[in-house]
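Assemble the whole structure, with the sequences as input and the hints as a guide.
Chains as they are written, first to last, in the numbering used here: chain A, -9 to 255; chain B, 8 to 251.
Simulated from the structure, these hints should not be mistaken for lab results.
There is no bait here: all hints are sound.
Derived lysine to aspartate or glutamate pairs resembling DMTMM-like cross-links, with alpha carbons at most 25 Å apart: (1) A:Lys30 to B:Glu112; (2) B:Lys17 to A:Asp1; (3) A:Lys136 to A:Glu113.
Chain A side only, calculated, beta carbon under 8 Å to chain B, not exhaustive: (4) Ser120; (5) Glu121; (6) Gln122; (7) Asp124; (8) Ala125; (9) Arg127; (10) Ala128; (11) Phe129; (12) Gly130; (13) Thr131.
Glycine is no exception: its CB is placed at the ideal position from the N, C-alpha and C atoms.
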Amino acid sequence: MPLTLIRSYADQTILRLKEFLLVMQEFLLFSVRAFTTIPKIKRYWRDFLDQAAICGAESIPIVLVSSISIGSLLAIEVGNLLEDFGAKTMLGRSTSISVLRELGPLLMGLMLSARYGSRNGAELGAMQISEQIDALRAFGTDPVAKLVMPRLMAALVMFFPLTALADFSGLQAAGLLSEHYHHIDPGIFWNSVYPRLTPKDFVASFLKAPVFAIIITLVSSFNGFLARGGTAGVGRSTIKGIVVSSGLVLIANFYVSKLVLENMR
Amino acid sequence: MIELRNVTLKYGEKLVLDKVSLAVQDNTIKAVLGPSGVGKSTILKLMLGLIKPNSGQVFVDGLDITSMKEADLYPIRRKMGIVFQGNALFDSMTISQNLSFFLRENLRLPEDEIGRRVAEQIRFAGLEGYEDQLPESLSGGMRKRVAIGRALIFNPKMILFDEPTAGLDPVSSKKILNLIASLKKSNDLGAAFVTHIIDDVFAIADHVAVLYQGKIIFDGETEKLHESDHPFIRSILSDKILEL
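Now the structure itself:
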């Protein structure tokens, strides 16, 4: 009996592993397809502009809210800590490193994973369930070129200005809080920020934009394409897209930072 | 002509089609009759190359499309039109945009030619005055007629219908069946439709294939269905209920 149970468990594990590898293979082919259709961008220019508005202009409020709140919190908490060491004048430097290199782009990535990723997953999932994606294929249109590539290009383009906005607004919020909460002169704050910024800070920040754009768009779109089983299936695929892309954003954030810090002076 | 030859298809461990062979001739109406969930829609998707069989072959006009690449399949698919069960109209587009979308996508036609073809399908579907409406504002029968118009937009040789009357009221169902029958006469088109409604088969089909437990248990002229002594066919002919 225990032997049968072990064998059944092993069979199930092997089956799940096979399914996982098949999905990974499909995802790889899907991603390659999305990139190889980029030359068709001229044909899908309007779709690109629509998606650019959705992931760019319409995402500004959520990016502002997240970056301002994290900049403000950092200024308060780090300022309190530095005060114990009599080093409040270093507040600008410490918050700028945190906001620029890590928290600005990371929070933006997570927010866009929730906002842009969920929209992609739900919209494409609903199209899959209602056979609209099959209809595209049946009438001779490549659904990856029409639906995924413009989303990918829009994210690749728009994540750069959104990263800049997240960094800028986070730092401005930190500057304001340092003045009004910790009573640090703005000149002292900004003097500890600007002269000490290095190219490494900006590379760490802006290198994350395209990485997050690729992760969020491809993972959420792929999950939308995999949606099965009615409206509940759309919900499941959307959630899976957000969870997986958010996890990958966190992992990618760590590795991009590590790569830049280890390879740039 | 579309032909499935010894096609076997599995979804995971479940055997959906077991060595199925059937053909749809040009300029005839062929029905595939079977209970819900037996794999009838799958047959249409195989005919279009939207899914690949585990074994067997699919031929379109004598050309084996079984292992063709997606990009090579696009021109072949345009020889056929398909009307999906839920119509699969693009819900963010108006009726005329739904009809013109694939023309703009796939053919380099001048705008006046696109407008002419769209107007032709609007007239055919009897939807004059609804050109700028979204699909959600139309009735089920009207949406079906738009989907048929879209399927005809490339002037195909064959049109495939997935449960053409499912969810429609009796009057709309009759209109849709008459429309399908008229396509053969006026446009010289072949048609294949899958259904679980036996009355639809007798109303318009020249030939019928009966799919049961993954196998074709009858394939022949519709009138000859009465001569079959298969227990399942006898039961559906007497009860006219396929939900087994």
